[in-house]
Amino acid sequence: MTAGAPGVSPSDTAGRDLGRRLAARDLTAAAAVLNLVENRSRAAAEQTAALLEAVSVAALGHEAPAQIVGITGPPGVGKSSLLSRLVACWRASNRSVAVLAVDPSSRRSGGSLLGDRARIDREPGDRQVFIRSTAAGDKLGGLAPATRAAATALSVAFDIVVIETVGVGQSETEIADVADEVAVVVQPGSGDVLQFLKSGIMEIPDVLVVTKSDLGAIAHRALADLRAALRSLGADSVPVVAVSSVSPPTGIDELVDALDQRHRALDLPTHRLRGRRAAALAQFTVEHGERGLRGLGGRRAASHWLQTQPAGLDAPALVARLESRAQSSRGPDR
Amino acid sequence: MLPMPDPSSARLPERDRPWLIRTYAGHSDAQRSNELYRRNLAKGQTGLSVAFDLPTQTGYDPDDELAVGEVGKVGVSIAHVGDMRALLDGIPLDQMNTSMTINATAAWLLGLYIVAAEEQGVAESQLQGTTQNDILKEYLSRGTYSFPPGPSMRLIADTIVYTVTHVPRWNPINICSYHLQEAGATPVQEIAYAISNAIAVLDAVRERLGADALMGDVFGRISFFVNAGVRFIEEHAKLRAMSQLWDELGAERYGVTDARQRRFRYGVQVNSLGLTEAQPENNVYRIALEALAVTLGRNARARALQLPAWNEALGLPRPWDQQWSLRLQQILAFETDVLEYPDIFEGSHVMEGLVAELVQGARAEIARVAELGGAVEAVNYMKAALVQSHRERWSRIESGEQTIVGMNRFETTEPSPLTAGADGGILVVDPEVEARQRAAVERWRSARDADAVDAALRALAAAADDPEQNIMPATIAAARAGVTTGEWSQTLRSVFGSYRGPTGVGEASGTPSGDLVKVHDDVERISEALGRRIKFLVGKPGLDGHSNGAEQLAVRARDAGMDVVYEGIRLTPGEIAASAVQEGVHVVGLSILSGSHAQLIPAVLAALREAGAGEIPVVVGGIIPELDAQALLQAGVAAVYTPKDWDLNRTIADIVALVGDRYGVAAAAPA
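Protein sequences appear in the order of chains A and B.
Take the first sequence: its position 75, counting from 1, is numbered 75 in the numbering used here, and each next residue is one higher.
Take the second sequence: its position 653, counting from 1, is numbered 987 in the numbering used here, and each next residue is one higher.
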């Protein structure tokens, strides 16, 4: 069987080899990368760390070139149809696209049904498009544990990496740590998003997308309401884009432009560095809990300390440093 | 005290005329199907029921990539007016009543029929028959849709408006509850979703007409195509309930004053869902009892009946199998006394109570669909409800709560002489048919006037793009010009866009119980050893839209704890292989019911090998004859499941064991 095949434990050099292929923009490595980062065995975790190190800013000497886009919204708003159109639009300008779709898992059985809602149309045989659906696993309302690692790794090889999640109000923060831009997708007539925005439950996204603009009056109304809410929050600059995915599609080019504009305006190194540090702290907390944090002098102290670390380090490397610091500071005087 | 019965009211003065006696038939090419029709008519069949193959139903020419393996399989291949001409050769269309099971491409096939009749010298105003033309049930159950909901509803409205004025004896649509029951609908769901569907269609027509003047005529031409299961008393009550609701709907919502126009008219194919592969001869009894449901009571009797053959769970029926079912209808119509009495259930408290119960339940469900914005908007809701009902039905069968004789009870059997023949008791379509049809359509294209075809397609695109125009005149002109089925559909697809229906599986969910608990443990254990949860791709290659089996397997595998990738129907082997690789699945399950497994399964295996994923084990499920199963195993398929393997938990357990075995982690099992 080939390395990275679905059921094989990773070889000792798997992480480095895959990192090298990604750095050479070998898109066919994508499936094996996902098989590796999703694997929870100890050996796989080591190789994942090696992979991320191989594609880190420190190793590459620059930020990964891809634009990492987060797309999130409640179920049934038409995210898959929208993604089909977006992928087609990106492909039309010859940009390669990786889509990481995160689906909820059943809390009863632990199993999941994937691909149903994430069904994204693509040209058969187009090797520049990679689509992977992943179950959120034990993590509710958020990203699959492996998604961050996958997005980081694939951003080295692809032009666009999309992280698609379900939900409003819970997962944006986490996506914002990974993605360069987050688009929240809503459909006309859903008041929740308006409420979440106003009350601050939900962070203000980079772009707001209103689907089903073919519905006419009700869609115009939704646009007006969202713009008013953003104004009242002092966020007039956030673009609100109306799209329709039914034939003939409308608003897709505008959405791509809006995302591109935000991306150009972004201080990418600073944004990604903040994201890596936030993710490292979150990952450390998942593994070591509040108790582990106390060993670092609390969340704020840990966060401050992370800012003293070299900017080029990847998230697993930062977690390792946090762990060794927690270990060494566990002295009698503390 | 009961009133004294009046003996003079017990019998009809004159025996009723029987219903239209049909057989759903057609295979291979137009010539062979024409011969079959003529033989059937000579045997006393009184109407035609045309089965089209999947490429014709979904709008692809025989030489299209998606048509591979499907040409002439589940019905006849009709690619242009020449095929339609040959199909109807020697059959007088001014006298024949022809039902066509055609939906996404109904407008096109109706156009071909009108032109073929014209060539026989029969005016369209004389034609009698039915186009099934019901798209919502295709989204919900049968899967031969082609265009998105909006344009599809417009095509339906166009054919209705056209036929009401030009082909007045034609039934432009058969609202199908049949396939809802096949997808698992309870009687209440079957009634409610069919009526909701009819409301969506009638509303669309009313909007298109812009006036109520013709609504009575329109309402009077809407007919239904229903199912009848083996619980034939309740099934009869269901039809009375539908009659009552239909009459009310006409009077109240559409202001139809002529009671004759509000009469509930329906045709039937009795239940296929309940036919078993085990002891298949028993299906003959089931079919006979089901036929009683739609013939016993005069007030809710079928206008047309077609009966399945005893061996439909084994494969395609042979002419002799179909004759056997035809004779059953004839015995019922001409030997028994069912046609000699007024309605025999009138005044029965039991029947009236059953009807009231169903009407009440259906009203509540109709209201729910209306709240969601009507049947078009509620497709996802209805689909999920059907998948859930089917799931519950299957659980009852597995637990033994619901008896299926010969399958989950009384399984001991003598060897059946019916399946002992060299053909295994089924029809095998000549594999040369596909190659011949490919060549034939190429010849057709090169022999016609290319300029006329281009002009006709341009006019068709313009008509599709202009919502003020009716699609039928441009469609009929295209038929005359020699346009092909694939060209007509592709032209509309380019204007309307294509569409992918909901799978309904995401919403159905359950907790592992019974045998599944043990399987669930195995899934957890093997997943842990693999480092990742077992990931299972359930795929439906080809054009076959019968997704019930695939959906139930997907839901059950999820309930067993697997990560299941199910992307719906109509995937090419290349797409399935790409998904398997990109999704990193441990095992692939393919479901095919259309008989195209012999071509498509090896194609998927080859595509997997080509994608460097030849090591991923592939299992196959469907209506697969024993000989074919052997061939598939030899080609590298890991396991083949047929309707005999009705215990889904056992199938899932088998697949889990296969994964453990293939990836060398079975040893991790506790002693």
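Misleading hints may appear alongside valid ones.
Stated by the list, open to error - Beta-carbon label-pair distances, calculated as ranges:
no., chain 1, residue 1, chain 2, residue 2, range
1, A, G189, B, R349, 50 to 60 Å
2, A, D12, B, E944, 22 to 32 Å
3, A, I218, B, E680, 48 to 58 Å
4, B, E944, A, G189, 25 to 35 Å
5, A, D12, B, L967, 33 to 43 Å
To be verified - Pulled a few chain B residues facing chain A out of the computed Cβ check, cut under 7 Å:
no., residue
6, K377
7, V498
8, W728
9, G865
10, V899
Because the hints were derived from the structure by calculation, they are not lab data.
C-beta: ideal position from N, C-alpha, C; glycine also.
To see whether the hints hold, each was checked on the structure:
| no. | hint | verdict |
| --- | --- | --- |
| 1 | G189(A) - R349(B): 50 to 60 Å | holds, 58 Å |
| 2 | D12(A) - E944(B): 22 to 32 Å | holds, 29 Å |
| 3 | I218(A) - E680(B): 48 to 58 Å | holds, 49 Å |
| 4 | E944(B) - G189(A): 25 to 35 Å | violated, 47 Å |
| 5 | D12(A) - L967(B): 33 to 43 Å | holds, 38 Å |
| 6 | K377 | violated, 46 Å |
| 7 | V498 | violated, 28 Å |
| 8 | W728 | violated, 17 Å |
| 9 | G865 | holds, 4 Å |
| 10 | V899 | holds, 4 Å |
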